[in-house]
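Mind docking chain V on chain S? Use the hints.
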Amino acid sequence: MGVDIAGMSKRFGRAEILSGIELSIARGEFVALLGPSGSGKTTLLRIIAGLEAASAGSLRIDDRDALSLPPRERKIGFVFQNYALFRHLRVFDNVAFGLQVKKRAERPPREVIARRVAELLELVQLGGLGQRFPSQLSGGQRQRVALARALAVDPELLLLDEPFGALDAGVRVALRQWLRGLHDSLGLTSIFVTHDQEEALALADRIALLNRGRIEQVGTPADLYDHPGTAFVMGFLGAVNRLDCAVSGGGVRLAGDTQPLDAQQISGPLPANGPAIALVRPHDLRLLGPAERGGSRVLLRSIAVVGARLRLILEKSGHTIEAEADRDRVDASWLHPGSQLRIEFSRVRIFATDGSAGEAIAPSESDQARPLSRHPARAALR
Amino acid sequence: MSIAATEERGSWGGRQHTAIPGFPLTLGITLCYLTAIILLPLAALFLKSTGLGFGGFARTLLDPRTIAAFRVSFGIALAAALINAVFGLLVAWVLERYRFPGRRLIDGLVDLPFALPTAVAGISLATLYSDNGWIGGLLAPFGIDIAYTPNGILVALVFIGLPFVVRTVQPIIADLEHEAEEAARTLGATRLQIFARIVLPALLPAVLTGMALAFARGVGEYGSVIFIAGNMPGLSEIVPLLIVIKLEQFDYAGASAIGVAMLLLSFLILLAINFTQVWMRRRYGA
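Chains as they are written, first to last, in my numbering: chain S, 1 to 382; chain V, 1 to 286.
Treat the hints as calculated values from the structure; they're not laboratory data. The model shown is predicted, which means the values in this text are computed figures rather than measured ones. Relax, there's no trap hidden among the hints.
Label pairs and their in silico Cβ distance ranges:
#, chain 1, residue 1, chain 2, residue 2, range
1, V, 107, S, 15, 24 to 34 angstroms
2, S, 307, V, 100, 52 to 62 angstroms
3, V, 191, S, 64, 21 to 31 angstroms
4, S, 53, V, 42, 53 to 63 angstroms
5, S, 15, V, 100, 13 to 23 angstroms
6, S, 274, V, 191, 56 to 66 angstroms
7, V, 86, S, 173, 46 to 56 angstroms
8, V, 195, S, 185, 35 to 45 angstroms
9, V, 195, S, 324, 52 to 62 angstroms
If we take Cβ atoms under 7 angstroms as the criterion, some of the chain S residues that face chain V in the derived model are:
#, residue
10, 49
11, 51
12, 71
13, 72
14, 80
15, 84
16, 86
17, 88
18, 97
19, 98
20, 101
21, 153
Positions of the beta carbon are idealized from the N, C-alpha and C atoms, including for glycine.
In isolation and in its complexed conformation, chain V is listed as follows:
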């Protein structure tokens, strides 16, 4: 191969020697794979939803029940992701920065929501948080209902989203330069100032990534939520459930229309988060 050809390709492919050969080949496989696994099913979804025509499409989406379901799904997934961002960061910090008996065990526990069948999680949570459950029983006298209300959805989404934040942030905490914190101390910063000005900015991109993953998972979550949510249309009905209901009523086009809307919305939100991260990385010159 001539040098000129290598140089020319350099702007697209890798200029350096890499372990896996052939930029055109690998890119080709990548595109085919993504097409088969992701793009084709999504295209089918789009295609199916066009059966409604624009009017039917709009009617389905503007149905108050649909709008309410979207509000519940996205609103609560966002709230759960925010809660997980805070507490996931805390858990990751404790697991990375301190050595204590049982640390490995707790570290392993974090992954359980990944592994547990979601229906099992939903049923256990519903039992725990119902008015006569262990936790629900404690809260009921204060008039706080968790199970079979939107609060229940929040609890379920916090449960399944936690590992996403912990596992994205943990390696970044391990990489943090401890000396930067010490340097801040010798310069007179208080604990709060060290956290806010030194530690948090370094962790924020990772926290945001974890949050985005937890959010995406939360929006799509079905199994655990339906057992604890109560599923009242307009109040505690999530979008995935609405789709299932439409399917059971043989309204395939309507179901796919909602699916398409959900897809677009999720995609836009994830895109926005990605751009924020790129901006942060530029800003902080990471």
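Extracted from the complex, chain S is given alone in its bound form:
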């Protein structure tokens, strides 16, 4: 079933949690609502579920106006971040709950419910655990009970709030691949909330990236990564270096450089003339050999071997820059901290300085948003 959200906003008192949300989701899609904490992504999911009311705008599910419908008539299944299992009920009764509370006329007979629950428990690989209490299960098992419970009412739209947030890293990766497979085989439409860009990139058909209650960009993972529309999008999806620059007459000159960048070093459109910011990913920097000409002068601060990659921390006119390279392709023997090097940028993206973008890139403390947290360029971004 399709979901259409138009002109939606949500306020709590004076605080604007969501504004101007436009999002269309096609039947069968697996969509991620991605963003830092406080971006409004969970609120949006809860509005779709009917657990919260929108202040303005429209929500159509399957071409029906859904805002006036109570949750139970929206044909949704909701999986909560902390599972929200019924602690006093056995796994079986947790899963059966949605069927048992149906009106007498619609309620399936007891044997049918039992069979359906058994099927669902098989489906989530928990066959035989029906008589356990939730407290007797592991985190991953609880997550799957929550999923089975949500699926019991035959939802057409599955809503998941940080579905893997509380799990160990190993379980998380296995479970998310499995969930993706389940989505495909059941023909569901799914929306999941996450703050983990890697999870969104790996799993979703499309990503809606939210920031401060607005959708920054919607697109496929490749779209967002290769063609970020704003500095925030580029900064949120993976590590970036941020440099001051100036745009004039169709050319871009980085702060501290004498020569402008070549046109082929730049990706995407240029903003209007004036000061701007240049973003470039660590792997889009190339060390120039002694025989090569051009490039920008940098100072090598430190060098670290990270598995098959080499990570260089550089300094360029006051900015700290991180560079990454394959160890196979760089001769590290002549690299020593303190030496002067020259580097060449490629796929540099130029964005207008809008003031807010820089602040938005810096990850907030509570956020675990990992893109930049281990990143030395962070200091420069602040």
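Here is chain V on its own, set in the frame of chain S:
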């Protein structure tokens, strides 16, 4: 200390490091304290009642006036505890789940029955509920008498029992996972179904505890009841009053016999409630 000794003790004492040292010492103090404070007086009571001999004991207890007093005390205390279970739950729910001006004030009011001298409570209630009192005056035209009837006892016991239920249930409501209720909503449950199937089972053990406390307090309550009950033998006379009357007649053995019977009955009822709770906790895997 050898590891073996620690291990061996583990089955009785705490295996882990605890803040207060020495399982034997603390258990010893606990037992001595309980003996001095609770067991000794009770033993004295038992001892005193044996002065009657079995025949006298039975005669005292089977006296119609005694039986009627027991019926009044336990019956009305139970009724009051049930009423408090319902309304105490409601009060606790409102205080925990909603934010409104004056919430703290109401929260404080709940404790008043704890603090107020019971005689003061009894006299105020008797005045309020008498035929020309504020509330009694409203009810009198409908032929409902409260003060100086068993109804008065009920009112007094509801009054003093309320905080027990509210204060036991409140923290459990605060701990309830709000998301479980939301999950039930998304699964199609109605408000009534959410309350009956999700909220109530989680609160029931606490409600039962509060009820047991209110009941125990109600059975033993003396001060507030005697002012409002009317104290008609066989109709509105409670067991504690009967004991006092026996004492005034210098029938110490008879008084202690009734005391012993009351003690045993209360103990059995509280034990039953405790077992119910254990069963519930197992059942719901809390």
